[in-house]
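S.K.: Produce the complete structure using the sequences and hints provided.
Listed here are the chains, written in short residue letters.
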Amino acid sequence: MEADIAVNSDNKETWSGGGAKPFGASYGKMMMWFFILSDALTFSGFLAAYGLTRFKFIDSWPIADEVFTHIPFFHGNYPMYYVAFMTFVLIVSSVTMVLAVDAGHKMQQKKVALYMFVTIIFGLIFVGSQAWEWKTFIKGSYGAVKTTDNKILQFVKDGHQIAIADFVHGDRTDDREQHTKKNGLWFENEKTISQYSVAQVQEAFKKDPSLQIRSERINLDTKQKIIFSREESLKQLAKANQVVEGANLHVNEYGNPIFADFFFFITGFHGFHVFSGIVLNIIIFFNVILGTYEKRGHYEMVEKVGLYWHFVDLVWVFVFTFFYLV
Amino acid sequence: MGAHAESNKRIWIVLGILSLITAVEVGLGIVKPPALHLNGLGTSWLNWIFIILTLAKAYYIAWAFMHLEGEKKWFRRSLVWTAVFLISYLLFIVLFEGGYLYETLAPLVKW
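Taken in sequence, the protein lines are chains S and X. Mapped onto this note's numbering, the consecutive letters of the first sequence carry residue numbers 1 to 326. Mapped onto this note's numbering, the consecutive letters of the second sequence carry residue numbers 1 to 111.
Think of the hints as simulated: they come from the structure by calculation, not from any bench. The structure presented is a predicted model; accordingly, all values stated were derived computationally and were not measured. From the three backbone atoms N, C-alpha and C, an ideal C-beta is built for every residue, glycine too. Mixed in with the good hints there might be a few duds.
[Stated by the list, open to error] So these bits of chain X aren't anywhere near chain S, every CB distance computed over 10 Å:
id : residue
1  : Pro33
2  : Leu41
3  : Glu69
4  : Ala83
5  : Leu108
[What the hints assert, rightly or not] Just so you have them, the derived chain X footprint on chain S, three or more residues with Cβ under 8 Å:
id : stretch
6  : 47–60
7  : 187–199
8  : 274–287
9  : 311–318
M.R.: This is the structure we're talking about:
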């Protein structure tokens with residue numbers, strides 16, 4: 001029987017693979033590596049699908065640094081700085097993780113605990129930032145209208161995008177109220193209705209001759225979104241049938257809804273990995289404090305979750321490039 | 001002990017390299033020099049720069065942080081070659097298909 005199985009399964013060494021160390025890597029570490037490999041392929045599948053869709057809509061894809069322009073507590077246009085900060089946080093957390101592994105090799109329990117703790121904190125800062133990024137994206141910044149042929153129209157004054165609230169004033173005028181279960185259509189809920197009605201936006205637009213409409217379409221020579229003439233703008237706006245504020249899985253004020261779908265899906269899947277990584281790190285952190293690895297005589301578990309944590313950083317490097325830079 | 005001091009020093013150097021690359025990427029992403037942004041082979045030069053810098057970052061994370069450089073050569077290859085081969089293959093097929101979809105469908109879209 002012994003000859004048939006690669007790993008002893010009849011004693012408590014099962015989990016660590018006993019003494020078997022192919023390629024000088026322990027069973028656990030090797031399996032963590034192969035898990036990471038398969039997870040990397042999953043992520044590349046998602047990013048490849050994103051790439052396909054982007055190539056498919058290459059002449060109308062939203063321009064990332066016009067979408068992600070916010071920094072907490074500051075107003076204004078700051079493309080990229082916040083994600084750069086998030087990237088930096090994750091890289092630094094990778095460094096503290098390396099330091100924890102290193103301290104583990106030297107059997108310095110207190111140092112391992114300290115570095116694990118710092119890694120967890122940086123991880124939390126990262127997911128917190130990502131949650132904020134999601135919130136900002138869902139809430140939207142300017143607002144837009146959607147036409148009957150499913151195109152997003154944005155508003156422009158002197159070549160710069162402006163918010164709907166910048167030129168439509170006062171409250172919603174059509175007395176439309178949000179349906180709730182107890183008030184309105186019987187037992188029907190309704191999603192949040194927009195701040196202004198379509199007619200109100202159209203009317204305010206007509207009154208101000210300096211306003212123009214920016215389409216989703218990109219001029220492939222200048223890589224800028226095409227801005228319609230005033231006459232064309234009025235013609236396009238007449239087709240509007242929905243005011244869009246922010247982004248969700250169905251509509252997206254920044255352009256194609258599938259951009260939002262991929263953003264939520266891929267950054268969400270990555271965020272879930274970060275979250276799992278934090279949970280694993282917390283478990284290992286407590287094991288370190290309790291002296292589990294001192295008793296075991298080695299800190300290899302720290303090394304294994306460390307691999308996972310670096311992998312999360314590795315994936316983010318690609319997500320950062322393909323969502324925010326390219 | 002000497003080897004540990006050495007590896008610690010390397011960690012900080014790698015942190016410096018990764019931060020520098022990120023800073024360069026963000027700088028280029030904000031400035032978008034027209035010469036790089038509007039010309040290129042297949043995609044813009046800027047995109048090529050971003051992709052190459054990203055692969056450089058991935059290399060440093062995998063080799064230094066995940067310590068692939070210390071693993072046995074063929075263990076490392078079983079991981080890296082598998083990923084590189086499968087991912088290149090997937091990207092080749094899927095991105096060409098995306099380009100085909102654009103050429104086929106874009107003329108049908110009314111703007």
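S.K.: Give a verdict on every hint.
M.R.: Here is how each hint holds up against the structure:
1. Pro33: Holds: least Cβ distance 12 Å, greater than 10 Å.
2. Leu41: X/Leu41 clear of chain S: closest Cβ-Cβ about 15 Å, beyond 10 Å.
3. Glu69: With a cut-off of 10 Å, X/Glu69 remains clear of chain S, as the shortest Cβ separation is near 13 Å.
4. Ala83: Since the minimum Cβ distance to chain S is about 6 Å, X/Ala83 lies within 10 Å and the statement is violated.
5. Leu108: holds (12 Å)
6. 47–60: holds (count 11)
7. 187–199: Violated: only 0 residues of the stretch 187–199 of chain S have a Cβ under 8 Å from chain X.
8. 274–287: violated (count 0)
9. 311–318: holds (count 5)
The structure fails hints 4, 7, 8 (numbered hints given earlier, in ascending order).
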